[in-house]
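Per my numbering, the sequence shown starts with residue 4, numbered consecutively.
Derived from the structure by calculation, the hints contain no laboratory data. All of these numbers come straight from a predicted model, not from anything done at the bench. Treat the hints with caution; some may be incorrect.
What the hints assert, rightly or not - Within a straight-line C-alpha distance of at most 20 angstroms, the following computed PhoX-like cross-link-like pairs (lysine-lysine) qualify:
1. K113 / K31
2. K324 / K301
3. K271 / K293
4. K301 / K242
5. K310 / K324
6. K293 / K242
7. K209 / K113
8. K271 / K209
9. K204 / K324
10. K261 / K271
11. K209 / K261
12. K61 / K143
13. K261 / K324
14. K113 / K61
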Amino acid sequence: MQPQKQSDKNQTESAVQALVALFAADMKDVNALILEHMQSDVPLIPQLASYLIASGGKRLRPLLTLATSQLISETTEPAQGLAAAVEFIHTATLLHDDVVDGSEQRRGQKAANLVFGNQSSVLVGDYLFSKAFQLMVQSKSLEALRTLSDASAVIAEGEVMQLQYQGNLDLTWEAYLEIIGAKTAALFAAACEVSAYVNNKPELAKPLYDYGYNLGIAFQIADDILDYDGKEARLGKDKGDDFYEGKLTAPVLFALEKANEDEMGFWKRTLEENIFREGDFETAAELVFKHNGAEQSKDIANTYIQKAQEALSGFQDSLLKETLLNLPTEILHRES
4 MQPQKQSDKN QTESAVQALV ALFAADMKDV NALILEHMQS DVPLIPQLAS
54 YLIASGGKRL RPLLTLATSQ LISETTEPAQ GLAAAVEFIH TATLLHDDVV
104 DGSEQRRGQK AANLVFGNQS SVLVGDYLFS KAFQLMVQSK SLEALRTLSD
154 ASAVIAEGEV MQLQYQGNLD LTWEAYLEII GAKTAALFAA ACEVSAYVNN
204 KPELAKPLYD YGYNLGIAFQ IADDILDYDG KEARLGKDKG DDFYEGKLTA
254 PVLFALEKAN EDEMGFWKRT LEENIFREGD FETAAELVFK HNGAEQSKDI
304 ANTYIQKAQE ALSGFQDSLL KETLLNLPTE ILHRES
């Protein structure tokens, strides 16, 4: 199976729009759960949590939980609590990540750690993790609890591994894929897999996991491309964040493979030694462009898109299945 192609911008935006429209009523219920469970007698907790949760975002991960539940059982009701749990896990990791990375912007506004402070962001992130686990327990599915708790641990491992390799020009492709598989794809995979358990269809867990995992890999590679090739106004974050944080991502790995001595010296000074000069990011972007880093990264992502689409081959044809098949390609070609 070849990754499904889409011919214009309207088509490439349609899959997420279709999911949002299909599950608008269901997401209202999920959002109500989110609002209910982030309340606290400590005013700072709902204030900080709502600052990030209400700031936008497509809610893609909980949408996937609802969509996969509908795909296999024609109902989202058993999965709504877990969809809220997935969003809490995602939000908690964002709060923690922004502290670790020293981020200044998230979803087009000041990062929560800049507004509320690092300590508050970390502690509220911990609170949201605890709320996610409460929602998992309420699902009464031990397998769903195991899946999401395992994913939470893997995400943390991925973030630590990324920190360990920060500025290391010897990062291998194997290690890069392991990092993004842990820090990003693990939650995509779990968000889809849990639908099988709460709908009492454990035999469907594997294909749903495979779909989510491969979608997540493609999503992260696309995100890595955007740091060098995207439009800052639509990124919702500062362009060049990955570069200035010393993160070696797919476009840079391709540029390193073909770097001459002078170029290798540039990457060593910036990414490894953390010595930056005016215009360095523009130089980095030019080197990525020179060595076709973005296009080659898209080729890698397309192999995972194909795997994601193949994972759904055993499911009955439907409008929802078609939307889920189109989603990975749309994600790769998104602008934000």
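Evaluated hints:
| no. | hint | result |
| --- | --- | --- |
| 1 | K113 / K31 | 26 angstroms, violated |
| 2 | K324 / K301 | 23 angstroms, violated |
| 3 | K271 / K293 | 18 angstroms, holds |
| 4 | K301 / K242 | 19 angstroms, holds |
| 5 | K310 / K324 | 15 angstroms, holds |
| 6 | K293 / K242 | 19 angstroms, holds |
| 7 | K209 / K113 | 39 angstroms, violated |
| 8 | K271 / K209 | 41 angstroms, violated |
| 9 | K204 / K324 | 17 angstroms, holds |
| 10 | K261 / K271 | 14 angstroms, holds |
| 11 | K209 / K261 | 38 angstroms, violated |
| 12 | K61 / K143 | 27 angstroms, violated |
| 13 | K261 / K324 | 40 angstroms, violated |
| 14 | K113 / K61 | 18 angstroms, holds |
Checked against the numbered hints above, the structure breaks hints 1, 2, 7, 8, 11, 12 and 13 and satisfies the rest.
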